[in-house]
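K.L.:
Below are the chains, spelled out letter by letter.
2 protein chains.
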Amino acid sequence: MLIDINLPHSKYEITIDTLPNLTFDRKVLIVTNPKVGGFHLKYLLQKINAKEIYIVTLPDGENYKNMQNLEFLLDRCFDHRLDRKSLLIALGGGVIGDMTGFASSIYQRGVDFIQIPTTLLSQVDASVGGKTGVNNKFGKNLIGAFHQPKAVYIDTYFLRTLPLREFVSGIAEVIKMAVVFDSEFFKWLEINDLSEDKNLEYAIKRSIELKANVVSQDEKEAGVRASLNYGHTFCHVIENFTNYSTYLHGEAVAIGIIMANELAHSLGFLSDDEKQKIFNLIKKYNLPTYYKVENIDKFYETFFLDKKSSNSKIKFILPNSIGSYIISDDVNVDDIKKVLEKFTDIYIEND
Amino acid sequence: MLIDINLPHSKYEITIDTLPNLTFDRKVLIVTNPKVGGFHLKYLLQKINAKEIYIVTLPDGENYKNMQNLEFLLDRCFDHRLDRKSLLIALGGGVIGDMTGFASSIYQRGVDFIQIPTTLLSQVDASVGGKTGVNNKFGKNLIGAFHQPKAVYIDTYFLRTLPLREFVSGIAEVIKMAVVFDSEFFKWLEINDLSEDKNLEYAIKRSIELKANVVSQDEKEAGVRASLNYGHTFCHVIENFTNYSTYLHGEAVAIGIIMANELAHSLGFLSDDEKQKIFNLIKKYNLPTYYKVENIDKFYETFFLDKKSSNSKIKFILPNSIGSYIISDDVNVDDIKKVLEKFTDIYIEND
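Those protein sequences? They're chains C and S, same order as listed. In case it helps, the working numbering puts the first sequence at residues 43 to 393. In case it helps, the working numbering puts the second sequence at residues 43 to 393.
Bound-form chain C, shown alone (with noise of 0.2 Å):
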């Protein structure tokens, strides 16, 4: 199964099927980490071939994915001479897909990479669009660029020994991509268990579809792009409170879709019912719901570190039915902090 990714100065496919056996007449860096290693990387140097191949290991998790580690991975670039025909790989969840793409886009002012996913949320979201980067002190993402891979391969063989949790985590991606353009794939959602190998793979592929189409209209984030990001203006925040610890970014981003859909519930968009449909589904899943907001006017302050807020405007994307979204930056700020008012209690599991 292929999907086409268009842009004016770059074109790659993304293949959702057992990996393909790769050949290649130049030296290659496969990027991993440990865990993701010791489980894969047989069964990816089986389906390679290359002048030279070289391995180095990050450590695992978001908060190794920074400045430190994007340089020990450029040190090894350098170690083991790598040119620029040279070309990385990344295998590995989206920590190791932005930061090898982010290093393989200013290694030598730019080589090439591609993306081998192990994770569904890399799956359905990371590898796909070429955002790359890490994180620091002021937030998540902020240095960084835009650059392609050449290729994504998808197979979801890597899925079977993905936690379940991390699964879980992806699924919220998914979750977020129908809410945002696709009522019919949100019903679907509904109905059918993504635990099942034919619903995973058609969840995959309509997700990278969605994606694909947004990316093609608009690589840089000029416009539609930034629909993505619905839920993740809290989530960025939360993150950032809780260094990257907490929660995993798919948990952080379920959290942050529903604020979200407070927050165009109360400005009269999204309406009651389809509030709570998205929210049964995140449930469904057993995703976290609640985030405690011990300080508003702190939280409110950290959406101004958000790459989408310009001009001291915070961007938010907000759902005014399942399907469809409306982009602002004219929230009052008191309306913002009503919402944020709801989420300071201590949590009680409801419904």
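Quick caveat, the hints were computed from the structure, so don't treat them as lab data. Some hints could be false.
Intra- or inter-copy, both count: the list cannot distinguish identical chains.
Calculated lysine-lysine pairs in the PhoX-like style (CA-CA distance at most 25 Å, straight line) [what the hints assert, rightly or not]:
| id | residue 1 | residue 2 |
| --- | --- | --- |
| 1 | Lys192 | Lys262 |
| 2 | Lys262 | Lys53 |
| 3 | Lys127 | Lys179 |
| 4 | Lys262 | Lys179 |
| 5 | Lys127 | Lys355 |
| 6 | Lys357 | Lys127 |
| 7 | Lys192 | Lys380 |
| 8 | Lys380 | Lys355 |
| 9 | Lys384 | Lys93 |
| 10 | Lys93 | Lys357 |
| 11 | Lys340 | Lys127 |
| 12 | Lys93 | Lys355 |
| 13 | Lys84 | Lys317 |
| 14 | Lys355 | Lys379 |
| 15 | Lys229 | Lys192 |
| 16 | Lys325 | Lys93 |
Fit chain S to the known structure of chain C by using the hints.
P.N.:
Frame of chain C, contents of chain S only:
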């Protein structure tokens, strides 16, 4: 006087004239160093109108063009809450321009920047063409990006405070341009004196025209742009060995040109007469012409860290006459080492 750069994704103007008045409806961050800022910040601030203006000062010198100072600059961008619509302005020489350009290419995945070069070297070469980056322990400009400025403003007023040694260093890049592309310009340089204002303006204009023409054909150095690296293959090794501190960049380029000419001559490309003419022009400006190679094998090995080398081949730009060159990546190792042998004596000034 205007020169255009035309790239598929980017067009911009290079103005060679008194710095115009500039008005921006966005936040502006000016990056400079203490010396240049001391001389010229006031002049620049008189010309700029913007929503908010911030100033960041980086230490002066090629050995500060590293990741550490890049991160310092990025942190200041966050401190001042620059957003994706903000603008960085580089006020300084190549170091300031390269670092500001690189920071603007990766800050929030890319913001605009403007070059206001204050050295001859950056006016005739570095500020044009979008090469940005930093050095590291493996070599020069090895981490970076292609990121075109939105405009380049060249005002020879800034050169009045430039130390003679730095001024002369810039002439090496002018000579490089003439040798590679334009024998008429070379002849003009032989008979005219660049200490005269009108001659200097012509030399700047002609150098930029030649560079703009090459960059417009080949932004990312897939082909013809490599010619601009005439002299630089040797230069980068010398700079590496001397920790970027013994020579100014143009001085190391001058020596690199002499070495490249020796190689071109020994391979039968460049005549004795033309080799001497280039030597004489370099001598006319008291640029250095000799670097003592301590260890031929180590010098040779260090070529391979150059970005231009790939698949274990070193790319040399070799003039076959003045105004014409060949690019070769299969020069015999013995031929290279024989040329390096000529540079192993204690230096005795000759002509």
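K.L.:
Each of the hints needs a verdict: does it hold here or not?
P.N.:
Here is what the structure says about each hint:
1. Lys192 to Lys262: both (17 Å within a copy, 17 Å between copies)
2. Lys262 to Lys53: both (15 Å within a copy, 17 Å between copies)
3. Lys127 to Lys179: This pair counts as between: shortest inter-copy Cα distance 21 Å, intra-copy 33 Å.
4. Lys262 to Lys179: Only inside one copy: lysine 262 and lysine 179 sit 24 Å apart there, 32 Å across copies, limit 25 Å.
5. Lys127 to Lys355: between (42 Å within a copy, 12 Å between copies)
6. Lys357 to Lys127: Between copies, since 14 Å is at most 25 Å while 39 Å is not.
7. Lys192 to Lys380: neither (45 Å within a copy, 41 Å between copies)
8. Lys380 to Lys355: within (18 Å within a copy, 64 Å between copies)
9. Lys384 to Lys93: So lysine 384 and lysine 93 fail the 25 Å test inside a copy (58 Å) and across (36 Å) alike.
10. Lys93 to Lys357: between (47 Å within a copy, 20 Å between copies)
11. Lys340 to Lys127: between (46 Å within a copy, 24 Å between copies)
12. Lys93 to Lys355: Result: close only across copies, 15 Å inter versus 50 Å intra.
13. Lys84 to Lys317: neither (45 Å within a copy, 56 Å between copies)
14. Lys355 to Lys379: Within one copy, since 15 Å is at most 25 Å while 61 Å is not.
15. Lys229 to Lys192: Classified as neither: same-chain Cα gap 34 Å, cross-chain 47 Å, threshold 25 Å.
16. Lys325 to Lys93: Neither way: lysine 325 and lysine 93 sit 49 Å apart in one copy and 46 Å across, limit 25 Å.
The structure does not agree with the numbered hints 7, 9, 13, 15, 16 stated previously, though it agrees with the rest.
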